[in-house]
Amino acid sequence: ETGVTQTPRHLVMGMTNKKSLKCEQHLGHNAMYWYKQSAKKPLELMFVYNFKEQTENNSVPSRFSPECPNSSHLFLHLHTLQPEDSALYLCASSQDLTGRGFNQPQHFGDGTRLSIL
Amino acid sequence: AQSVTQLDSHVSVSEGTPVLLRCNYSSSYSPSLFWYVQHPNKGLQLLLKYTSAATLVKGINGFEAEFKKSETSFHLTKPSAHMSDAAEYFCVVSVPGTGFQKLVFGTGTRLLVSP
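Chains as they are written, first to last, in the numbering used here: chain A, 1 to 117; chain B, 1001 to 1115.
Derived from the structure by calculation, the hints contain no laboratory data. All C-beta atoms, glycine included, are put in the ideal place defined by N, C-alpha and C. Check the hints yourself; a few may be wrong.
Quick partial rundown of chain A residues pointing at chain B, CB under 8 Å, derived from the structure [as the list claims (entries may be wrong)]:
{"#": "1", "residue": "43"}
{"#": "2", "residue": "45"}
{"#": "3", "residue": "106"}
{"#": "4", "residue": "108"}
{"#": "5", "residue": "109"}
{"#": "6", "residue": "111"}
Excised from the complex, chain A in its bound form (with noise of 0.2 Å):
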């Protein structure tokens, strides 16, 4: 059982909807992360969160609106998404985010598949 869970699995939404996706992490770790996963497209990192702190947005829309409530839980707000948003969304976590962080390896939760219509 993977140690970081997403809801939903799956989500169809038109371009005037606005929904939220989840993450929750049950391993003790204080840095969680959003990635954006399209196809044939490296992993690309939107958000990274540290103690609740965001210390990272990686010129990410705005229509895109992270939230970390605690260090367990992340969410990403969505409203008026466009066509090019479909893809693969993955939260991850990892320990901690200082020097001896460095080598920590993030895990990963199985993803939201996000389709826009």
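Since the structure of chain A is provided, determine the placement of chain B on it from the hints.
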């Protein structure tokens, strides 16, 4: 800048034959390197990691990788492929971001295993 290059987009093997997935890295200092596997409709699972200890790293499911600094390579191998190994494999280098660990992913190699 740190990066990884996976030399093959697809690799096809027969069940029971050896597997070789190639990865070259570029790094200005001693890197941390990982291999992840992704099965269909699943997230990424860590196979193994190299963090400047032993250059031959053993991972899960019989996979191993050898760090060769002179060749800037970190190839993934397995002596005998199983059908269940069919998946996409990602070579990853870890680099420090601004206060966080950033993973830079290769473009992936899809492993096909035939009976």
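Tested hints:
Here the hint on residue 43 (chain A) is kept, as its CB sits about 4 Å from the closest CB of chain B, short of 8 Å. Taken as an interface hint, residue 45 (chain A) checks out: its beta carbon lies about 7 Å from the nearest beta carbon of chain B, inside 8 Å. Because the closest C-beta pair between residue 106 (chain A) and chain B is about 6 Å apart, less than 8 Å, the hint holds. The restraint placing residue 108 (chain A) at the interface with chain B holds, with a minimum CB-CB distance near 4 Å, inside the 8 Å limit.
Because the beta carbon of residue 109 (chain A) sits about 5 Å from the nearest beta carbon in chain B, less than 8 Å, this interface hint is met. Using the Cβ-Cβ criterion of 8 Å, the hint placing residue 111 (chain A) at the interface with chain B is satisfied: the shortest such distance is roughly 5 Å.
Violated hints are absent here; each numbered hint is respected by the structure.
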